[in-house]
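Asks: Take a look at the letters that make up each chain.
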Amino acid sequence: MSVKPLAMRDVLLDRIWRAMAEDHKIFFVCADFGSPILDKIRADFPERFVNVGIAEQNLINVSAGLALEDYTVFAYAIAPFITMRCYEQIRVSLALLSEVRPMNVNLIGVGAGYSYVVSGPTHQCYEDITLMRALPNFRVLSPSDHVSAGALFDRCVSSTGPKYLRLDAQVLPVLYEAGAPDLDVGFHVHRSGDGVCLVATGYMLHTALKVAESLTAAGHSVGVIDLFDISHFAADQLQAVLSPYTGIVTLEEGFRGRGGVDAMLFEFIARRGLAARMLNIGVEGAYRFELGSRMELHEQVGIGHGSVLRSVTTFIQSLSD
Amino acid sequence: MNVGPIDLRAKAHWVWRETLAVHRRAPETRLASSLSPIEIFVALYYGGVLRFDPAQPLAEHRDRCIISKGHGSICMYPILADLGYFPLEELQRVCQAGSFLGGIPDPVIPGYETVNGSLGHGLGVASGMALGLKRKGSDRSVFVVVGDGELHEGANWEAIMFAAQHRLDNLHLIVDDNGISMLGYTDDIVSHDPLSVRLSAFGWDCMEVDGHDVAAVQAALLQMKASCAGKPQALIARTLKGHGVPGLENAPLSHIMNPKPELIDSLLEQNP
Chain A
1 MSVKPLAMRD VLLDRIWRAM AEDHKIFFVC ADFGSPILDK IRADFPERFV NVGIAEQNLI
61 NVSAGLALED YTVFAYAIAP FITMRCYEQI RVSLALLSEV RPMNVNLIGV GAGYSYVVSG
121 PTHQCYEDIT LMRALPNFRV LSPSDHVSAG ALFDRCVSST GPKYLRLDAQ VLPVLYEAGA
181 PDLDVGFHVH RSGDGVCLVA TGYMLHTALK VAESLTAAGH SVGVIDLFDI SHFAADQLQA
241 VLSPYTGIVT LEEGFRGRGG VDAMLFEFIA RRGLAARMLN IGVEGAYRFE LGSRMELHEQ
301 VGIGHGSVLR SVTTFIQSLS D
Chain B
1 MNVGPIDLRA KAHWVWRETL AVHRRAPETR LASSLSPIEI FVALYYGGVL RFDPAQPLAE
61 HRDRCIISKG HGSICMYPIL ADLGYFPLEE LQRVCQAGSF LGGIPDPVIP GYETVNGSLG
121 HGLGVASGMA LGLKRKGSDR SVFVVVGDGE LHEGANWEAI MFAAQHRLDN LHLIVDDNGI
181 SMLGYTDDIV SHDPLSVRLS AFGWDCMEVD GHDVAAVQAA LLQMKASCAG KPQALIARTL
241 KGHGVPGLEN APLSHIMNPK PELIDSLLEQ NP
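Protein chains in written order, with my numbering: chain A, 1 to 321; chain B, 1 to 272.
Worth double-checking, as some hints may not be accurate.
Partial list, computed: chain A residues near chain B (C-beta under 10 angstroms) [what the hints assert, rightly or not]: (1) LEU38; (2) ARG42; (3) ALA43; (4) VAL50; (5) VAL52; (6) GLY53; (7) SER63; (8) GLY65; (9) ASP70; (10) TYR71; (11) ARG91; (12) VAL92; (13) VAL100; (14) GLY292; (15) SER293; (16) LEU297.
Source of the hints: derived by calculation from the structure; they are not laboratory data.
Every residue gets a Cβ at the ideal spot worked out from N, C-alpha and C, and that includes glycine.
The shape of chain A in the complex, shown without the other chains:
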């Protein structure tokens, strides 16, 4: 039986709501951003819910203060605002302070990549992976469906330290029908092959799987990996999984060549001495204001199914040259 797709945030918030009944040390803080499940949290736990208003700087600092008083804090806002509006608060009060104080603050950012399709570049988010992975002590988590998003709740409560959860705003098809991935591994192998491996995160895992189907139909052997824990994955295991491939393709719904998953994988294969060549798929160019469906926008910036299929096909041909 297929699992009905749900919004990532609703599933994660539902886990939080259920846990708040048992665990009186969970506090929920939002910056005037809601959801139907959030209404239940507000109604059922008014003593441990607070809306700071449209004030992300204070969202972070209040969350830090609550964490210093031993609360497990979930802070909730739109992705670009909970990362970039308050970056120095995140750096000082979470990344830096957690170096010397145990603090469990989980930043939930909704609206990864182009998921706010018609809202334009203010509400879309292409820089957050780069910025958040730059901070020591931070864990950057990027699920691709509601099953993996909900499972990350376990990671949020089981490990201290600040974390950033990058959630899609749209309801995406379920990719983990058989159950959530192993959180300790930090990545999940969806397909194995021996030619090119597509390493994707978030929404781009969906594109990667479709592209892999097309490439397989064309006779290529393609692997697909979901890298959902961008900062804390099992490095030896990833090296072992990537070793057979002659080409590695990174796919992210963020700017290409600006320190995101592409840079992280570049550093990884260089450090580990892997011989594979690399292709990076990410948002090309600068900020854009065109309107269209998410798929159309993706094609415009080089990360749509058609663009990726062309780029990877060319890349595969170049590997045998």
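Go by the hints and put chain B onto chain A.
Replies: Chain B alone, transformed into the frame defined by chain A:
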């Protein structure tokens, strides 16, 4: 920890001397902004205002003191050493390799709660602590010391509105109102005047005091702490940047001025 009856004026004078001596050895420290809040900190730590335990700096039963104007709090080094947070000999090593006492205090120093010196964060973090304490049913208080120049950071005003909204009467803001930031008088840069009226309009109870009258500061702090009127309280302490140092005191560029070692030596000799 109960420090018992103590001559607060004599203690403030000792801290003033020790702060000059620290700066004499470590000129990287900010002297002028560390001389204006001496009586504030002496009243807090020796005046029966704060509950604290040097043997357990982060003990649950402590009152929280967030020193948000971090770089302007070098006077806390002798205070914390005197109270037993760390040995007095550490004052000889400020800014030296291997010391934990830097030019801008970090939370590795016993007695410092949070990251300071990057300005404008203390009050927001303190608001979260104050809310957390209330929700835990704790009767502990949170004190925050900021500079008036620091209030230019907008995040403070997010926290000021938040604290009033949530009736955080366990939150106590102390403004070291020395009237000078790095490049001049705050009134000439972006004026807060009248600060007490502004804070009152934002829903805070507000008092003003001569920040160098340590007994008056102590009385005001004790009054603030006893208040449980459903409002956060602010104490605006009118102070002088570079207090007691000729040429430095109230000089518009005092933040970045270092008095000559000979001047410090003669001041220490003339003011035993």
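Asks: Run every hint past the structure and note whether it holds.
Replies: Against the structure, the hints come out as follows:
Taken as an interface hint, LEU38(A) does not check out: its beta carbon lies about 19 angstroms from the nearest beta carbon of chain B, beyond 10 angstroms. The beta carbon of ARG42(A) comes no nearer than 15 angstroms to any beta carbon in chain B, farther than 10 angstroms, and the hint placing it at the interface is violated. Annotation: ALA43(A) was flagged as interfacial toward chain B, and the flag is violated, the nearest CB pair being 17 angstroms apart, outside 10 angstroms. At a threshold of 10 angstroms, the smallest CB-CB gap from VAL50(A) to chain B is about 7 angstroms, leaving the interface hint in force.
Because the closest C-beta pair between VAL52(A) and chain B is about 6 angstroms apart, less than 10 angstroms, the hint holds. Look at GLY53(A): its Cβ gets to within about 8 angstroms of chain B, closer than 10 angstroms, so that hint holds up. Taking 10 angstroms as the C-beta cut-off, the interface hint given for SER63(A) holds, the closest approach to chain B being about 6 angstroms. With 10 angstroms as the threshold, the beta carbon of GLY65(A) comes within range of chain B, its nearest partner Cβ sitting at about 2 angstroms, so the hint holds.
Interface restraint check: ASP70(A) against chain B, minimum CB-CB distance 8 angstroms, threshold 10 angstroms, status holds. At its closest, the beta carbon of TYR71(A) sits 6 angstroms from a beta carbon of chain B; the interface hint therefore holds under the 10 angstroms criterion. Below 10 angstroms, beta-carbon pairs count as interface contacts, and ARG91(A) has one with chain B at about 8 angstroms; its hint therefore holds. About 5 angstroms separates the beta-carbon of VAL92(A) from the nearest beta-carbon of chain B, less than 10 angstroms, and the hint is met.
Interface hint at VAL100(A): satisfied, since its Cβ lies 5 angstroms from the closest Cβ of chain B, which is below the 10 angstroms cut-off. Because the smallest distance between the Cβ of GLY292(A) and any Cβ of chain B comes to about 36 angstroms, over 10 angstroms, the interface hint for this residue is violated. Taking 10 angstroms as the C-beta contact cut-off toward chain B, the hint placing SER293(A) at the interface is violated, the least distance being around 37 angstroms. Interface hint status for LEU297(A): violated, as the beta-carbon distance to the closest one in chain B is roughly 33 angstroms, over 10 angstroms.
Hint compliance for this structure: hints 1, 2, 3, 14, 15, 16 are broken, all remaining hints hold.
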